[in-house]
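Q: Produce the complete structure using the sequences and hints provided.
Chains as they are written, first to last, in our numbering: chain H, 1211 to 1943; chain U, 1211 to 1943.
Treat the hints loosely; a few may be bogus.
Chain copies aren't distinguished; within one or between two, either way the pair holds.
[Stated by the list, open to error] Derived lysine-lysine pairs resembling DSS-like cross-links, with alpha carbons at most 30 angstroms apart:
#	residue 1	residue 2
1	Lys-1525	Lys-1374
2	Lys-1870	Lys-1856
3	Lys-1819	Lys-1326
4	Lys-1430	Lys-1521
5	Lys-1374	Lys-1521
6	Lys-1266	Lys-1811
7	Lys-1430	Lys-1811
8	Lys-1819	Lys-1793
9	Lys-1430	Lys-1374
10	Lys-1471	Lys-1541
11	Lys-1341	Lys-1793
12	Lys-1376	Lys-1430
FYI, nobody ran anything at the bench for these hints, they're computed from the structure.
Number of protein chains: 2
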Amino acid sequence: MRNTIAILLCLSTLQAQTPADRPIAGFQPESARRQADLEARFDKALNRQNFGQWMKRLSARPHHVGSPGSRAAAEFIAEQFKSWGYETTIETVYPLFPTPKTRLLEMIAPERFTAKIEETSVEGDETSRIKEGNLPVYNAYSTDGDVTGDLVYVNYGVPDDYTKLKEMGIDVRGKLVLARYGGSWRGIKPKVAAENGAIGCLIYSDPRDDGFFRGDVYPKGAYRPSQSAQRGSVMDMPVYPGDPLTPGKPALDPNRAPDPKQAATVTKIPVMPISYGDAEPLLRALGGPVAPESWRGALPLTYHIGPGPAKVHLKLEFDWKLAPAYNVVAKMTGSEKPDQWVLRGNHHDGWNFGAADPLSGMVAVMEEARVIAELARAGWRPKRTLIFLAWDGEEPALLGSTEWAEHHADELQRNAVAYINSDGTGRGFLRVSGTSALELFSQQTARDITDPQTAAPVLDRYLASRRVAGQEAEFRIAPLGSGSDYTVFQHHLGIPSLDIGFGGEGGGGSYHSIYDSYDHYVRFIDPDFQYVRATAQLGGRMLLRLANADWLPFRADATARAVRLWSNEVIKLADDMRAQTKKQNEWISSGALKLAADPRKTYVVPEPKEEVPHLNFAPLQNAVTRLEAAAAALTLVDPAKLNPTKLAALENALRLAEQKFLRNDGLPRRPWFRHMLHAPGFYTGYGVKTLPGVREAIEQRLWKEAGEQIGFTAFAITAYADWLNSAALETKQ
Amino acid sequence: MRNTIAILLCLSTLQAQTPADRPIAGFQPESARRQADLEARFDKALNRQNFGQWMKRLSARPHHVGSPGSRAAAEFIAEQFKSWGYETTIETVYPLFPTPKTRLLEMIAPERFTAKIEETSVEGDETSRIKEGNLPVYNAYSTDGDVTGDLVYVNYGVPDDYTKLKEMGIDVRGKLVLARYGGSWRGIKPKVAAENGAIGCLIYSDPRDDGFFRGDVYPKGAYRPSQSAQRGSVMDMPVYPGDPLTPGKPALDPNRAPDPKQAATVTKIPVMPISYGDAEPLLRALGGPVAPESWRGALPLTYHIGPGPAKVHLKLEFDWKLAPAYNVVAKMTGSEKPDQWVLRGNHHDGWNFGAADPLSGMVAVMEEARVIAELARAGWRPKRTLIFLAWDGEEPALLGSTEWAEHHADELQRNAVAYINSDGTGRGFLRVSGTSALELFSQQTARDITDPQTAAPVLDRYLASRRVAGQEAEFRIAPLGSGSDYTVFQHHLGIPSLDIGFGGEGGGGSYHSIYDSYDHYVRFIDPDFQYVRATAQLGGRMLLRLANADWLPFRADATARAVRLWSNEVIKLADDMRAQTKKQNEWISSGALKLAADPRKTYVVPEPKEEVPHLNFAPLQNAVTRLEAAAAALTLVDPAKLNPTKLAALENALRLAEQKFLRNDGLPRRPWFRHMLHAPGFYTGYGVKTLPGVREAIEQRLWKEAGEQIGFTAFAITAYADWLNSAALETKQ
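A: Written out as structure tokens, the structure is:
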């Protein structure tokens, strides 16, 4: 180990400084020194035993939203917070949450086969034996349905796959599709299938993406065994997450009579996840052309597309009820700025036992809270208010966080400093996504935490992995799409958000299965909870710094850099599409596509596409230039030299600036998503789209809309720049 | 079809001309018109029924070198040639050819399993039932051996794979390796394994590369079934092909007592091919780390590397005998220039039934000869001499062609115009590789043949496939590596060579198995022999044009263009390696590689590499410039305006020019390979390396040698350029 450390010293120039000497954004030198001491005490007080104990307890039985386990989990967590001295409440919301009544999948031709859709208990996994209260394998917010038809294999089931099917002369209308997990968030698959006329959708985990191809299967290894299927939501969350019946409003009434037909985000066709054990007979029974090479998985068969002769019958019925979602809210009021709220959250509900997802992150948050309370008892007080949040109902649709934040929207937009989220965490490399303005803040936090395996700073390991992967050797926050509870804060309310954790080295195929258990976690993911501890160090430092900073560490220059990058990207996207369209149209008109195709295979030459016009990107470019200038002007302001009133004004301006990126009418066809810099992709689901109004209009070839969205996006960026300019100006008056 | 044709017209500007109007390189306009008529008669006389009849007859029993079937095939072919009026002889050579006596592969730990190494008969495949005279599954020129040891999976078994193994801390010394087919010519695998200290080598066909992953397996589909293994040579042919005991000399003595220990090209360790059915239990029994993702195949298991616990015992004994190889030589003497020989060849031996490989090409050559003889009987005579060659013993080591050409080396270097080779051919796109000087000649031939499936010119289909694949939409002859009988002509004797055929659309996994049968060919490869006919059209036209041309159509400008390209490539190769080495060394010294690695997995940081010096490429660049100037000067000479003496001198100069690229001492460590522009790769086998002396010295980091080879290569190019300059000058005197 010592050699490693010696080598590492030269990687980080910051490392030569002792912790107490290092600058911390938002802190005067003297405060930074005190802060370093505080953080050292924080680290020392962390007790790794708590992680395992809490995880074991909370993962001992199913604890999905609406279950007794979820209620018990919320109560246990609330008790802990209370016992540590937090003002704690359980705030309950009542969203629509369907559970399965009937699940039937059978192949009726060319031979009979009934899917098992059941995860069996395995040796050495204690909780896999529990049947009581278990949620079976299903996709939440699938519509009810009873459909029969020929089966078609559609690869990942994303729009490009249907383009390819069309070229092969295959039409899914009136048929059921079999898609594999991967390539998009799962909810995209039934959405695109329905858009293409399919009447039902099956989603299976191919062992190539999630099974024996990746590593030995559970319980021998960490990976998904043949009987395991991935549960998960298929709600159309890129339109809006949360209760499908109350978009933009909190679901507070437990006595409503819910009508799922009113729910815009429920799928149009029935959809069910299956294991690769259940998928294999279906795939074997498919005829038709052999699937393109990139569509083929790891099952020992020749992948055909169909349609048929495999014919399947899928019947699904759900119990459409309101479920109580118990959000635990625990507050420690700030001593100097009680109206500035630093929020820290993680969900507590899981698909069944949920040890990795979400408890590995949840227990880190709990330990952060415990230690901070211990520091508080020893005399330290945060200047700003800390609020810990343990969400319920994240898995089905970010239910708890969305409804809670919709309920408290006004206060949050007034008072929030930032929302720091975590979810499952594991062994490996630092992962930080979120608001660009927190880039330097995040980098400095990573600088000051030691990687448990290598004893190098977490930042150095992160940078080494980027370099070796051929990426820019700089710390860069990735923008947020969706997939966890930051969504409402970041995209709906414009509150600076971060999503943090570690990962990349723990192997795994337990995701959303009953094998996401304590036993699996400690064997394969983070055996000694070293990285859960590192997550707590990370989250804890972020809280302590935001709570204690002399001024809030938002940096608009990072925002400007990121927005310039994205702006260049969308301009290049249009240029590339123009060149690609031109080339493709020429290939069509000259007959080259037809000539290069195998005449013995069906090949439908695509229709020529409308040429890509030159778009007027000038408003966007000018707005970004204005933003760069404003950010540059702000870097010249030294907060340390401002009087308290001016400093407070500047800090508030920076804290609220992110909301300038919101557009009241939101994005096209999804007004709930209001942030003009990023959103989950309409056709990717979790995957982020930056400058989404502009980017998705181009991708969908909506040229008029692209022009409009350039304007709206430029307007938001300009509003942000002007807000910064005013803030800078005020410091001088 | 009509629409297709209409669209195609605009693709080929040449198409607007009628065949009789089109220019043909080497022909005066009036001769070109006569030639077009002749070619139309040639096409008309082709009889598709012959292909099937001959293929069926010749593939009815095993006909590998040394077998009664091979002798019968040679005699049948010779009879045909004779009956058509050719001066025909069978010239026999006697190379060393081992056949198996003992083949045993068993796993002895952690459980027992004995490999079947047998291809069983399948429904609907007539010849697969034949046992008599069948050569079992084996690799020719494996050494004898009886070895036992732990097994290690080494992916494709190429040098990069061993680099990766080293990084993973895995040593193959004293162990047996299991490599999959692909990624290199098979003979490279035991060579590199032995260099790394392995004691035995198994090569299996992974279903990902060659089996159910690609398509339905035989007999349902065309692809390799689980019991099928790929036979083939593992002789170290990149050093020299042909009889291992007589490098550079013909093996004419049938009475020698062969001593395989004297054979430099026999493998150092025993090696055997196995099916994926036989490989699966071995792979399942491997422990150790999981193989890197790109190493994993399509068997339904987690690919581990080992070493062990799988322990195997491999015992191989061969009968090391001389085998008679019967080369059929059939001549039609030219009327005007009998001393200019146009050679056309294909081998007749196969691994067992060999319908696709080699008979699909062989029957095309026979039909070309038959029709040309018919034309001759009707009064036409070739100006130059035509020689048809049906080779024996190509499969084990290009035995027949190499020994024959070594025997006739002087005459060939004096008299040969060009050698046109084919081998297996199938449905799909034109494939022409060879001497760059024949690029325009080949392009014009492709222009004048109609693709049987689309009715477009073969050239247009070829160009369309290049465009759609994003390649330059120009006709380009690929340089030749090895893998068929052109090798001795091109690389050892410097005779302009072409390798021709069609392919890319017929599916297949019958390669070198007993399922390469007539039944397989007509079901899956070229059911109506349309592309065999197209191959005969191609070969026939090439022969008729070279035989009849007013002057030979060699074009040095294409050579100059190609050499400039390759010269730029090797310069870039050194630059890229320099940058890559610098980066990698920096990653090593800074610790980034170590930091980015998973500490729970063994990772041995590579040693820093010597920096890549700047090489003096000036001699090469100057030589290429000189070549370009010489080629440009030659294009100004109009052969049509020369008097017969001068024309004859020019023609001879161009015909012999290619030999100027030969270096008497050959390439480093393989003097048999004398062409300085291209050679099969020392570590790729079949795959070509251009400017091989320079390129391989750089790849192997032999900087001094690279400098020397730049000199030798520049010398050869300059000699060629000067030869052209003299030829151009002489036309003016």
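Q: A separate judgement is required for each hint: does it hold in the structure or not?
A: Going through the hints against the structure:
1. Lys-1525 - Lys-1374: within (29 angstroms within a copy, 50 angstroms between copies)
2. Lys-1870 - Lys-1856: within (21 angstroms within a copy, 85 angstroms between copies)
3. Lys-1819 - Lys-1326: neither (45 angstroms within a copy, 56 angstroms between copies)
4. Lys-1430 - Lys-1521: Between copies, since 21 angstroms is at most 30 angstroms while 35 angstroms is not.
5. Lys-1374 - Lys-1521: within (22 angstroms within a copy, 46 angstroms between copies)
6. Lys-1266 - Lys-1811: between (56 angstroms within a copy, 27 angstroms between copies)
7. Lys-1430 - Lys-1811: between (43 angstroms within a copy, 17 angstroms between copies)
8. Lys-1819 - Lys-1793: Within one copy, since 11 angstroms is at most 30 angstroms while 44 angstroms is not.
9. Lys-1430 - Lys-1374: Between copies only: 25 angstroms across, 38 angstroms inside.
10. Lys-1471 - Lys-1541: neither (38 angstroms within a copy, 85 angstroms between copies)
11. Lys-1341 - Lys-1793: Neither: 58 angstroms inside a copy, 55 angstroms across copies.
12. Lys-1376 - Lys-1430: Between copies only: 26 angstroms across chains, 42 angstroms inside a chain, cut-off 30 angstroms.
Taken one by one, the earlier hints fail for this structure at numbers 3, 10, 11, listed in ascending order.
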